[in-house]
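The primary structure of each chain is shown beneath.
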Amino acid sequence: MNNKKKQILWNIAYVLVVVGIGYFIYISSSKVNYIWRWKNVPSFIVYKAHEDIESPVKGIVEDYKNKTVYIKTLDGKIKTIKVEHPEVKKGDVVDTTDEIGYNESYKSGPLLVGLYMTLKISFLAIIAAIIIGLITGLMRISSNPLLKNLAITYIELIRGTPLLVQIFIFYFFIGTVFHLDRLVAGVGALAVFEGAYIAEIIRAGIQSIDKGQREAAISLGMNYYQLMRYIIMPQAIKRTLPATAGQFISLIKDSSLVSVISITDLTKAGREIITSTFSPFEIWFTVAAMYLILTYTLSLFTQYLERRMAKGE
Amino acid sequence: MNSIIEIKNVYKTYPNGIEALKDINLEIDKGEVVVVIGASGSGKSTLLRTINQLEIVDKGQIIVDGVDVTNPKTKLTTIRSEIGMVFQHFNLFPHLTVLDNVTLAQIIVKKRNKKEAEDIAMSLLTKVGIADKSDVYPTQLSGGQQQRVAIARALAMKPKIMLFDEATSALDPEMVGEVLDVMKSLAKEGMTMVVVTHEMGFAKEVSDRIVFMDYGKIVETGTPDTIFTSAKSERLRQFLSQIL
Ligand SMILES: Nc1ncnc2c1ncn2[C@@H]1O[C@H](COP(=O)(O)OP(=O)(O)OP(=O)(O)O)[C@@H](O)[C@H]1O
Ligand SMILES: [Mg+2]
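Those protein sequence lines, which keep their order, are chains A and B.
According to our numbering, the first sequence is numbered sequentially starting from 1.
According to our numbering, the second sequence is numbered sequentially starting from 314.
No lab work stands behind these hints: they were computed from the structure.
Yeah, the Cβ is synthetic: ideal placement off N, Cα and C, and Gly gets one too.
Don't take every hint at face value.
[Stated by the list, open to error] Heads up, incomplete: computed chain A residues facing chain B, CB under 7 Å, no partners named:
| id | residue |
| --- | --- |
| 1 | Ala216 |
| 2 | Ser219 |
| 3 | Gly221 |
| 4 | Gln235 |
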């Protein structure tokens, strides 16, 4: 059998295995008498909101055009009201608080709102983690014992304790002392946690650059900042891009832990929906898929960046 | 007195305890081409690297173009930008094109504008014979071409002194000539050069003076003629017999 045929066979096997696992899950769930209610799930992501419009004034409907109802009040003034679906005709008499129609609009469901919160927290924490990581990474390789030891202490403390505990400390201790809002505490805890890992990645990246690069730059008269900015960092960042991206993906996933301090992120939104719908399977699968969309997008984006950066050489 | 480099009683011990330089004294005149020879580990690179303070010395004084580079108060970036250095492994910046390799330090250190820096870069790249490769990345060049770019990069700073640390040692034999030719033409133009090399042909033909080092000391100095024909020390005769 030639190689290509073998490949195809193995790929078919892969599909079969995946389908098999899916079937197994389906069978096992039907054994526990679970009623799947997928129909409701989309409405937790987006739903059509129906809003009744009441007339604010007493008067006669003069006209309806451009999705606007014109009502002539008793003293002759014209009142305009935006209504997409009017339930009144020209000449109808309306009183205040009479329903004159309704508007429909698409609104984000709780899962989408939660996703947005997760995205916001992750984005802010990534920015802060990059700054923290960059500074501590540079301190870590500094020859000054004060800077170096501070960086080592920070990195060891953070990497040696669970993120969940750090979030509690951040929120209940640091948050109380400095009057931090829960969002700031959540973002802060995540950034401080991931920053320690970014610092190690950056340190490794810098140290992996041949020392000849530093010597060449210095011999041309560059100062420390110029050396880092123009020579070392561009090469180190490129080299550490896969590891850094992996860390950012971890951060997005780790951000689910901030739900413990009552930040309504994607995870907390899911939990809240479950308490009222009793559809835990569907909701958790949906939540997982939504996280996957975020992380996979990031992963695709980094692959694109890597390809683009590789082009140069 | 027209020495451009004065090295006085210089000592250098590495943190691992190796005494790489022991009481080095050397004066180099403007326009002089000095070749440093010696066995591996004798301290040639260390000596060269103390001149632009890539290695900080423990004791002694080095004055370059009137500036005491061993004084901790001296602003090293300025003096370093006036001393060109060429390395055994080229050390080109792999993330920058050939042109950017040659213009970067001009722009950020010498504060020349981009146009001026590029003009200087192109004329130097023409001089070393690789103007047509200005927009490729270093990894796409042969060793000899890379080293010539590295020389152009150093020359772009308009240095008063050029240091060469085994500039041809990492090259395939057929590429040694092209780099030596560039170095020879530089010497002819009157550039002050300190050259660590194992190319005795170059030393004979181009140098004004040869310095022989052994175990961190300068054992003997002299014109190529005297060094190659009437070496005084036994160590130097031994070294020459091995290398020639
Ligand atoms: N960064 C360093 N740390 C510790 N020891 C070093 C360092 N650089 C050089 N040495 C040691 O100092 C001594 C002199 O080294 P140096 O590189 O100056 O010799 P060299 O004459 O240039 O030798 P080669 O011909 O092999 O390049 C050697 O014993 C070397 O092992
Ligand atoms: Mg050497």
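Hint check:
The beta carbon of Ala216/A comes within 4 Å of a beta carbon in chain B, closer than 7 Å, and the hint placing it at the interface holds. The restraint placing Ser219/A at the interface with chain B holds, with a minimum CB-CB distance near 4 Å, inside the 7 Å limit. For Gly221/A, the interface hint holds, the least distance from its beta-carbon to any beta-carbon of chain B being 3 Å, beneath 7 Å. Restraint check, Gln235/A versus chain B: the minimum CB separation of about 5 Å is within 7 Å; hint holds.
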